[in-house]
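J.: Here is how the chains run, residue by residue.
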Amino acid sequence: MMRILSGDSPKSAVLAVLLALILLALAFAPFLFPGSRSLETAARICIFIVLVASYDLLLGYGGIVSFAHTMFFGMGAYGVAIATARMGTGYPALATGALAGMVAAGLVALLIALLSLRVRAIFFAMITLAIASAVAVLVSQLSTFTGGEDGMNIRIPRELTPAFRLGEVMGTGINGKILNYYLVFFCCLALFLLMLRIVNSPFGRVLQAIRENAFRAEAIGYRVVLYRALATCLSAMIAALAGSLFAIWLRYVGPATTLGMEIMMDILLIVVIGGMGTMYGAVVGTAIFVLAQNYLKTLMGGMSEATSALPLIPDLLSPDRWLLWLGILFILSVYFFPTGIVGRLRGTR
Amino acid sequence: MTDAAPSHAPTMTKLPLAERLRPWLPVLLVPVLIVVGYLIIPSQSSWLTLTVSGLAMGMMIFVIASGMTLVFGLMDVINFGHGAFISFGAFVGTTVLLALGQMTGAPSLLLNLLAIAGAVLAAMIVTGGMGWAFERAIVRPVYGSHLKQILVTMGGLIVAEQLIYVIWGGHEIVIARPETLKGAITFAGAALEKYRLVAVGVGLIVFLALRLVLRRTKLGLIVRAGVENPEMVQALGYNITRVFVGVFIAGSALAGLGGVMWALYQEVITAHMGNEIMILVFIVVIIGGLGSVEGCFIGALTVGLVQNYAAFMEPKLALISNIALMVAILMWRPMGMVPVVKAK
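For the record, the sequence lines run as chains R and W. Numbering-wise (the working numbering), the first sequence opens with residue 52 and increments by one. Numbering-wise (the working numbering), the second sequence opens with residue 270 and increments by one.
What the hints contain is simulated information worked out from the structure, not anything from laboratory work. Source: prediction; values computed, not measured. Even glycine gets a Cβ: it sits at the ideal position worked out from N, Cα and C. A few of these clues could be false.
[To be verified] List time: in silico DSS-like cross-link candidates among lysine-lysine, alpha-carbon distance up to 30 Å: (1) 451/W to 585/W; (2) 463/W to 585/W; (3) 228/R to 348/R; (4) 463/W to 451/W; (5) 417/W to 62/R; (6) 348/R to 417/W.
[Unchecked claim] Computed far set for chain W versus chain R, every beta-carbon distance over 10 Å: (7) 284; (8) 309; (9) 368; (10) 383; (11) 413; (12) 446; (13) 453; (14) 497; (15) 534.
The following block holds chain R by itself, in its conformation from the complex (with noise of 0.2 Å):
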């Protein structure tokens, strides 16, 4: 167990239990929760969880605030999309897609990484948000290309469409689009263990001590730049897989579901208020993001109506503003839990 952890424990009775059930949940979400809407959220959650590592990894681990995450996220989606309207549809235009996707976004990752990080780590931020803003433009005009604003349907094998059936297993119909859930669940399991092994390994806590301080890094004799371009190449791959996945989940790659600013904000809100630097924070965040993005928005509603004689007040608690509510519980969370929901339940400050 503590092998497939990569010697990570939880280090908290009730993180351990939340984790769990975490996976359980999802390791039987076609047969606990039946309905296609709770397997969207499913598949969603976990290819989520994998995105905010990856983000994490950079941000918690590197100590490098990146806005261009969706961008590489898209790339993944995009090259699955492109590879299989030139290739035709097929698992050999899936794997090239993926690839191609996650080699693009290691070279850009690389590239930006290069440019910013050898003058400052504070240029990245900004120059990563300039570029991402940029390409998003970019892919919505190159609609010869990309599809533009409509963005692209995607054909993928007959085997992970819901028209493939092959019997019942406790009362639940099996058909590809299970199938294709437990690609997205295993892929997802896989590269969040790997990246658990990335942040546990020597690399990772090289990254750590540049996190805590550059200068000191540089002086016992590692590479700075070298690890911060490395990091940030890992985690574009990793993000351009998981966007692989999602494009083939959804069959369908389109500018607002891949690379859109909500996307990225969500991401940061997500990594921040799970816990930065602890990658099961990525899990729990995840989790309760979803979940609150669905139930939450309920609450409010019916809120906003019980207060609907106040002035204002029912402005502020409609569910459309819940991104108000989650801003000032992310700047509240920087302030007082910077480890988030993960360092707290590990009784670290």
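Starting from the known structure of chain R, arrange chain W on it as the hints suggest.
T.: Positioned in the frame of chain R, the structure of chain W alone reads:
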């Protein structure tokens, strides 16, 4: 004491031209760019139109970016929430202008300018106040940690943007320019929009005023010294934190002014307009050299011109051209065009 001085006069060889030009290269960039634009754009009148609109855009970006770059230089604080001040400025200014509909609709230049002045004043007071609150509540607790600054100011941006939705609703607001600033004048065969000329004028005034304050007044001296070595200024008995708060408020108010100018330039405002402009602002402060007002001015004009020329030659290239410009300048001068010298 034997020989006094050597008998020969030392020969002062003049440095070659290239060497002497080097410190001036950033300053020369803008005129060079305008000349290049003249050469590649086939029609003279469209060149003139593009140059004026590029300068207008650059001036507006400068007004917005100057505060941010100074705040960074002075206190090493990077404010990602600066975009919120732009949006708030635009919304407050627009609200005032819409309320003064009779003044903006009248065909009198004086009344129009008064209305704009009122809008600008209201916007600057609101964003200045916001800047004060922002500095107190959001930035103050995280001095010294860039990572937290970026995160917290981003959070502040989200909250501010949501507040705009709460106060003004989610839809975009259309705002017409005042009567006398509509339309264009024809000069040497080129149509020059009146409003753009006003924007260039306002930007120039802000730049000159900033420069005057920074170079000629005691306050400016303290600010410049603070950028170079805050501890020393503190040790000499000046409260650098108070100076910093003042600069932060002034920078926020300038962002509000820029927001109103941008609103009248685009004639439509949305809650996320600040974020879109911030992308250009970031490019400008990076290529100008974080902390340098002069660099920011040159950078803003360069970005405005390049964007307009590129949009004319190949519309899809407009935003990419700025990224390419940033990459090129960072390769040439990694610390920006006018690097800020920190005494450490």
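J.: Test the statement that residue 534/W is away from the interface with chain R: the closest C-beta pair must be farther apart than 10 Å.
T.: Residue 534/W is indeed farther than 10 Å from all Cβ atoms of chain R, at 19 Å.
J.: CA of residue 228/R to CA of residue 348/R, is that 30 Å or under?
T.: Cα-Cα ~28 Å, so holds.
J.: Is the Cβ of residue 413/W more than 10 Å away from each Cβ in chain R?
T.: holds, 13 Å
J.: Starting from residue 463/W, check that the Cα of residue 451/W is at most 30 Å away, please.
T.: It holds: about 7 Å lies between the C-alpha atoms, which stays within 30 Å.
J.: Regarding the assertion that residue 446/W does not contact chain R, is the least Cβ-Cβ distance greater than 10 Å?
T.: holds, 26 Å
J.: With d taken as the least Cβ-Cβ distance between residue 309/W and chain R, does d exceed 10 Å?
T.: Holds, because the least Cβ-Cβ distance between residue 309/W and chain R comes to about 22 Å, which exceeds 10 Å.
J.: Does the claim that residue 383/W lies outside the interface with chain R hold up, using a Cβ gap greater than 10 Å?
T.: Fine: 32 Å to the nearest Cβ keeps residue 383/W off the interface.
J.: Between residue 348/R and residue 417/W, does the CA-CA distance stay at or below 30 Å?
T.: It holds: about 28 Å lies between the C-alpha atoms, which stays within 30 Å.
J.: Is the nearest CB of chain R more than 10 Å from the CB of residue 368/W?
T.: Consistent with the label, residue 368/W stays out of reach of chain R, its closest Cβ about 20 Å off (over 10 Å).
J.: Is the straight-line distance between the alpha-carbon of residue 417/W and that of residue 62/R 30 Å or less?
T.: Satisfied, since the Cα-Cα distance of roughly 26 Å is no more than 30 Å.
J.: Please confirm whether residue 284/W is truly not at the interface, meaning its C-beta sits more than 10 Å away from all C-beta atoms of chain R.
T.: holds, 28 Å
J.: Compare the distance between the alpha carbons of residue 451/W and residue 585/W with 30 Å, and conclude whether the hinted pair is satisfied.
T.: Roughly 28 Å separates the two Cα atoms, so the pair holds.
Hint compliance for this structure: every hint is met.
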